[in-house]
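Asks: Here is how the chains run, residue by residue.
Protein chains: 2
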Amino acid sequence: LPSMQTSRSQPCPSFKLREVASMYFTMIAVFLVILVVALQGSVPRGSDFPYKVPLDPQGLLELSWNVSYPEQAVHFQLLVRDLQFGLLFGMSDRGEFENADLAVLWSDGHNSYFGDAWSDAKGQLHMDSQQDYQLLGARKAPEGLYLLFRRAFSTCDPKDYLIEDGTVHLIYGILEKPVHSLQAINISAIHRGLQRVQLLKPNITVPELPSDMKTMEITAPDIVIPSQETTYWCYMAELPDGFPKHHIIMYEPVITAGNEALVHHMEVFQCAAEFDSFPYYNGPCDSKMKPNRLNYCRHVLAAWAMGAQAFYYPEEAGLAFGGPGSSRYLRLEVHYHNPLVFEGRRDSSGIRLYYTATLRPYDAGIMELGLVYTPVMAIPPGEDAFTLTGYCTDKCTQLALPAAGIRIFASQLHTHLAGRKVVTVLSRDGREQQVVNADGHYSPHFQEIRMLKKVVAVFPGDELITTCTYNTQDRSRATVGGFGILEEMCVNYVHYYPQTQLELCKSCVDPGYLHRYFSLVNRFNDEEVCTCPQVSVPQQFFSVPWNTFNRDVLKSLYDFAPISMHCNKSSAIRFPVGTASQPKLHSKTPGPREKK
Amino acid sequence: LPSMQTSRSQPCPSFKLREVASMYFTMIAVFLVILVVALQGSVPRGSDFPYKVPLDPQGLLELSWNVSYPEQAVHFQLLVRDLQFGLLFGMSDRGEFENADLAVLWSDGHNSYFGDAWSDAKGQLHMDSQQDYQLLGARKAPEGLYLLFRRAFSTCDPKDYLIEDGTVHLIYGILEKPVHSLQAINISAIHRGLQRVQLLKPNITVPELPSDMKTMEITAPDIVIPSQETTYWCYMAELPDGFPKHHIIMYEPVITAGNEALVHHMEVFQCAAEFDSFPYYNGPCDSKMKPNRLNYCRHVLAAWAMGAQAFYYPEEAGLAFGGPGSSRYLRLEVHYHNPLVFEGRRDSSGIRLYYTATLRPYDAGIMELGLVYTPVMAIPPGEDAFTLTGYCTDKCTQLALPAAGIRIFASQLHTHLAGRKVVTVLSRDGREQQVVNADGHYSPHFQEIRMLKKVVAVFPGDELITTCTYNTQDRSRATVGGFGILEEMCVNYVHYYPQTQLELCKSCVDPGYLHRYFSLVNRFNDEEVCTCPQVSVPQQFFSVPWNTFNRDVLKSLYDFAPISMHCNKSSAIRFPVGTASQPKLHSKTPGPREKK
Numbered sequence: 050l051p052s053m054q055t056s057r058s059q060p061c062p063s064f065k066l067r068e069v070a071s072m073y074f075t076m077i078a079v080f081l082v083i084l085v086v087a088l089q090g091s092v093p094r095g096s097d098f099p100y101k102v103p104l105d106p107q108g109l110l111e112l113s114w115n116v117s118y119p120e121q122a123v124h125f126q127l128l129v130r131d132l133q134f135g136l137l138f139g140m141s142d143r144g145e146f147e148n149a150d151l152a153v154l155w156s157d158g159h160n161s162y163f164g165d166a167w168s169d170a171k172g173q174l175h176m177d178s179q180q181d182y183q184l185l186g187a188r189k190a191p192e193g194l195y196l197l198f199r200r201a202f203s204t205c206d207p208k209d210y211l212i213e214d215g216t217v218h219l220i221y222g223i224l225e226k227p228v229h230s231l232q233a234i235n236i237s238a239i240h241r242g243l244q245r246v247q248l249l250k251p252n253i254t255v256p257e258l259p260s261d262m263k264t265m266e267i268t269a270p271d272i273v274i275p276s277q278e279t280t281y282w283c284y285m286a287e288l289p290d291g292f293p294k295h296h297i298i299m300y301e302p303v304i305t306a307g308n309e310a311l312v313h314h315m316e317v318f319q320c321a322a323e324f325d326s327f328p329y330y331n332g333p334c335d336s337k338m339k340p341n342r343l344n345y346c347r348h349v350l351a352a353w354a355m356g357a358q359a360f361y362y363p364e365e366a367g368l369a370f371g372g373p374g375s376s377r378y379l380r381l382e383v384h385y386h387n388p389l390v391f392e393g394r395r396d397s398s399g400i401r402l403y404y405t406a407t408l409r410p411y412d413a414g415i416m417e418l419g420l421v422y423t424p425v426m427a428i429p430p431g432e433d434a435f436t437l438t439g440y441c442t443d444k445c446t447q448l449a450l451p452a453a454g455i456r457i458f459a460s461q462l463h464t465h466l467a468g469r470k471v472v473t474v475l476s477r478d479g480r481e482q483q484v485v486n487a488d489g490h491y492s493p494h495f496q497e498i499r500m501l502k503k504v505v506a507v508f509p510g511d512e513l514i515t516t517c518t519y520n521t522q523d524r525s526r527a528t529v530g531g532f533g534i535l536e537e538m539c540v541n542y543v544h545y546y547p548q549t550q551l552e553l554c555k556s557c558v559d560p561g562y563l564h565r566y567f568s569l570v571n572r573f574n575d576e577e578v579c580t581c582p583q584v585s586v587p588q589q590f591f592s593v594p595w596n597t598f599n600r601d602v603l604k605s606l607y608d609f610a611p612i613s614m615h616c617n618k619s620s621a622i623r624f625p626v627g628t629a630s631q632p633k634l635h636s637k638t639p640g641p642r643e644k645k
Numbered sequence: 050l051p052s053m054q055t056s057r058s059q060p061c062p063s064f065k066l067r068e069v070a071s072m073y074f075t076m077i078a079v080f081l082v083i084l085v086v087a088l089q090g091s092v093p094r095g096s097d098f099p100y101k102v103p104l105d106p107q108g109l110l111e112l113s114w115n116v117s118y119p120e121q122a123v124h125f126q127l128l129v130r131d132l133q134f135g136l137l138f139g140m141s142d143r144g145e146f147e148n149a150d151l152a153v154l155w156s157d158g159h160n161s162y163f164g165d166a167w168s169d170a171k172g173q174l175h176m177d178s179q180q181d182y183q184l185l186g187a188r189k190a191p192e193g194l195y196l197l198f199r200r201a202f203s204t205c206d207p208k209d210y211l212i213e214d215g216t217v218h219l220i221y222g223i224l225e226k227p228v229h230s231l232q233a234i235n236i237s238a239i240h241r242g243l244q245r246v247q248l249l250k251p252n253i254t255v256p257e258l259p260s261d262m263k264t265m266e267i268t269a270p271d272i273v274i275p276s277q278e279t280t281y282w283c284y285m286a287e288l289p290d291g292f293p294k295h296h297i298i299m300y301e302p303v304i305t306a307g308n309e310a311l312v313h314h315m316e317v318f319q320c321a322a323e324f325d326s327f328p329y330y331n332g333p334c335d336s337k338m339k340p341n342r343l344n345y346c347r348h349v350l351a352a353w354a355m356g357a358q359a360f361y362y363p364e365e366a367g368l369a370f371g372g373p374g375s376s377r378y379l380r381l382e383v384h385y386h387n388p389l390v391f392e393g394r395r396d397s398s399g400i401r402l403y404y405t406a407t408l409r410p411y412d413a414g415i416m417e418l419g420l421v422y423t424p425v426m427a428i429p430p431g432e433d434a435f436t437l438t439g440y441c442t443d444k445c446t447q448l449a450l451p452a453a454g455i456r457i458f459a460s461q462l463h464t465h466l467a468g469r470k471v472v473t474v475l476s477r478d479g480r481e482q483q484v485v486n487a488d489g490h491y492s493p494h495f496q497e498i499r500m501l502k503k504v505v506a507v508f509p510g511d512e513l514i515t516t517c518t519y520n521t522q523d524r525s526r527a528t529v530g531g532f533g534i535l536e537e538m539c540v541n542y543v544h545y546y547p548q549t550q551l552e553l554c555k556s557c558v559d560p561g562y563l564h565r566y567f568s569l570v571n572r573f574n575d576e577e578v579c580t581c582p583q584v585s586v587p588q589q590f591f592s593v594p595w596n597t598f599n600r601d602v603l604k605s606l607y608d609f610a611p612i613s614m615h616c617n618k619s620s621a622i623r624f625p626v627g628t629a630s631q632p633k634l635h636s637k638t639p640g641p642r643e644k645k
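Residue numbers (my numbering), protein chains in the order written: chain G, 50 to 645; chain P, 50 to 645.
Heads up, a few of these hints could be off.
Identical chains share a label here; the pair holds if one copy fits it or two copies do between them.
[Claimed, not checked] Within a straight-line C-alpha distance of at most 30 Å, the following computed DSS-like cross-link-like pairs (lysine-lysine) qualify:
#1 K502 / K263
#2 K208 / K250
#3 K502 / K208
#4 K189 / K226
#5 K604 / K470
#6 K618 / K470
#7 K171 / K503
#8 K470 / K208
#9 K470 / K101
#10 K604 / K189
If you are wondering where the hints come from, they were derived from the structure by calculation, not from laboratory data.
One chain only, chain G, in its complex shape (with noise of 0.2 Å):
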């Protein structure tokens, strides 16, 4: 291997690569034994990495990516702008530097290294004792190195990341000093930080688009991204006077050069019909400013997060836009993350929308998954991982489904801010059928649209149960469902056609048994949880003296009591099913690495 040399002039060592082998390193070794560098498998044909992602805010770390499914692994090239002594690149559960499973290039001056290495809960580096992130090949360019490498989605190593459908947080570090091992990285007093991205893309084949295509681009004018950490920018955009139906049949972001690492995310809304205007504004959308009828901008048209690429409807289905019953006016709002506070950026970033007036066949429609915003669903203080279930039960899917059914294509799961799971199975006749989307590592800072791998097909009597798990370890009193930041919410929107009049699938425990609940703790503990009806079940809740019985009650209640459900047609219309025994599955279906 030639010697690389980075590209800017600053002292920094000459970067022979080498690798530290895939062995056993027993604790009396002193010394890790250091190999020369084989490089392992071969490196992909082509430059096709068509992911592509900052990993810093300055942009000095960028990860472009590609997923081979045949080979069940993701081959990474990462650009390093400023390579100084080193870098550190790996993933974690949430995106912390514990526990976490990193690859290290690192320089001690004189010779470079790579390896596998994993972060203990102290946050001290070890080499990994088996070698996962396989180096495959390091060119450098005037732009800086790129390192390119590959790693399976599972390693079978249990100090491994295991590479998941949903959220993965990528974490960086920075060596700007030489170091003598892995060791003595000192992990905590490094330049870092984290990036969350969907690492695992689904392969799907873009559908064929018509001829008479046409875009529209819903763009911040020319504006200056506020010096803060964060801004949601709002703009108003309004469609030609007598815009007739189209179908989006596809969107894409559109980035103003130079400013990838700070727009976070983007989406476009359309607003309400039952207003004639909408006032034009363009400016923070916390501002006072800002005039309060843009809250009834709220129906998604497009959404785009940071890694993400075009987004298309299949090809039997399109999102109506324009035509009578359909408004105008379109808001975009752009969340721009800038922790390094730049001054004057100019910024147009926004949506490319791709539409036709050749309707196909389909109106692709939106239905809320999940649980109702309702008190009733709460969540004890302190704890780590509790979960609550939303149902979509048999008979809301037999009175509101088409017979040939529907087609889930996209889905945008959503909790507030402890959110940490969510997932959503299709269920038939008591038994799990496959997963609808998921995401173990699920933040509420990365709501994105997405397409699911397989498009799901959903028919009367089905069920879809959305789980939601929830860490509450920060907070000290309970936490009850409902539109507040500090309460909860547990959504799955899904995207699928055609469109029905079936807008909201949701469930809630019966009241009447969580008041048996609130009766029950207050016998139980001999204290005094005031159950009186004029109290309100945020305040029963408040009122709670949580223990791990209390909580686990509160968990058998969810798990055991009738729930309410509502399913609802458009305009908060319901359809007729009332209180429900709690839909159950019989059997499972093992999940992937579970053990038989």
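Starting from the known structure of chain G, fit chain P onto it as the hints suggest.
Replies: Same frame as chain G, but now just chain P:
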């Protein structure tokens, strides 16, 4: 490789050993690719397979093995006395042929094949995508064919069984007809069976034995094994008059040649010292002829089960027997397992005790950990894995153990028929320190005294927490704690030194809290469970209308309620500890295969 013939004269194919490639077979491959065998790895040196067990009652299959902890692998040597068209050998959770991990040798009448396979939930065989039973060799001998193969404890193949400490259920099957493919084997139609062994024997250095060591054989007096599947045979033996105190420092089985497959387990009990004499008896333990006084012979001196080797006491300790205050009477109990109902087999099996008059520094003792025998600890019906936990609290060890602590060197786990797993952990300052003994595939039919891999030191203030997992899926009413065979126990008899006065360190739930549970069930379920004081706890449990809520709340109660502690000296005198709040582990050390 030479072609191999079986040793008998009956028609059978020549056995060219071939092996199925360790390749990933895609679903479209109609025929498996078979490669000529390339023997993997090297055959272990010497004939060192120290452990041996017959697999079937006729002794047609005999398994020997060794355990390499540095390699984390087991080497198997399987002697097939009467090879026909192949055999299956493998492991499964509890000895079932569904969801099993199997090495298969099969012949189509012309060629023979060897492969690592697995069976699905319906018992259908499939070739494993990863071949982890590695064939090391095959050897023809006058007594039959020897197959040598190797298996790592953990293979990382989700279809493979994970070999862990404790009981392993070995399964075997004999192919009596040619089969054209692995898939063609009808696993339910073949001659098959199971054998339980402790596969991962501890790698213990044999302590030095004194020169004045003597032996004494407690063996059946040339009896005729009854021609019935199960016999517990009782035989009374006597120590010589005036036999002074000695230390038993070792014991081993004495098995009559030819009966290796029939003698399932044996125990030597010492009788109670309060009776001056015991009647002679030699006959089945369940006979009406058996004198009742024999029920007072329950103090275990030695216990052996199939597949076990000699039992050694640690160098510093021995088990006292003989001398004043110790009964001269011993009872031998032999469990004969004779499923093929052989008639007229004579047997003189038993146990050979090795003892010395030169007393070692410490007497060894036995302490009972786990749950008190009381109906307040109960298991609802229909449970597949309900756990109950018994505590030996810090208060009790503080009062009863010497400052220098005790050393636990062996353990015998005990439950009745619903027991499926047992584990005892040592906790200090609320943190788990180590596992004392664990059996994740525990069977009530295989209760060996097991030497621990590592002696466990227990100090005053430590806690010993014993958890049992039960399966009551075949029961329609609650299983309460107690002495009856259909009641349950959760006990770990730990063998330790130096002997202390503490004979029993066990707990149960505070009965007052259980009473609150019955009241709560009453109120919540709108059904009447009689909580009046004249109704017994078992009756109250039997009248609970079991559903997931009542089950879960009972679980929560057992996790939460204060415990009543039994910290007993010999002759049932309690150390004064009383009721305690439940010890809680602040953090558990993650298991070896737990994801970080």
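Asks: State for each hint whether it applies.
Replies: Cross-check of the supplied hints:
| no. | hint | in the structure |
| --- | --- | --- |
| 1 | K502 / K263 | within (27 Å within a copy, 73 Å between copies) |
| 2 | K208 / K250 | both (24 Å within a copy, 27 Å between copies) |
| 3 | K502 / K208 | both (28 Å within a copy, 25 Å between copies) |
| 4 | K189 / K226 | within (21 Å within a copy, 65 Å between copies) |
| 5 | K604 / K470 | both (17 Å within a copy, 25 Å between copies) |
| 6 | K618 / K470 | within (28 Å within a copy, 51 Å between copies) |
| 7 | K171 / K503 | between (40 Å within a copy, 28 Å between copies) |
| 8 | K470 / K208 | both (21 Å within a copy, 27 Å between copies) |
| 9 | K470 / K101 | within (25 Å within a copy, 49 Å between copies) |
| 10 | K604 / K189 | neither (56 Å within a copy, 61 Å between copies) |
Of the numbered hints listed earlier, the single one contradicted by the structure is hint 10.
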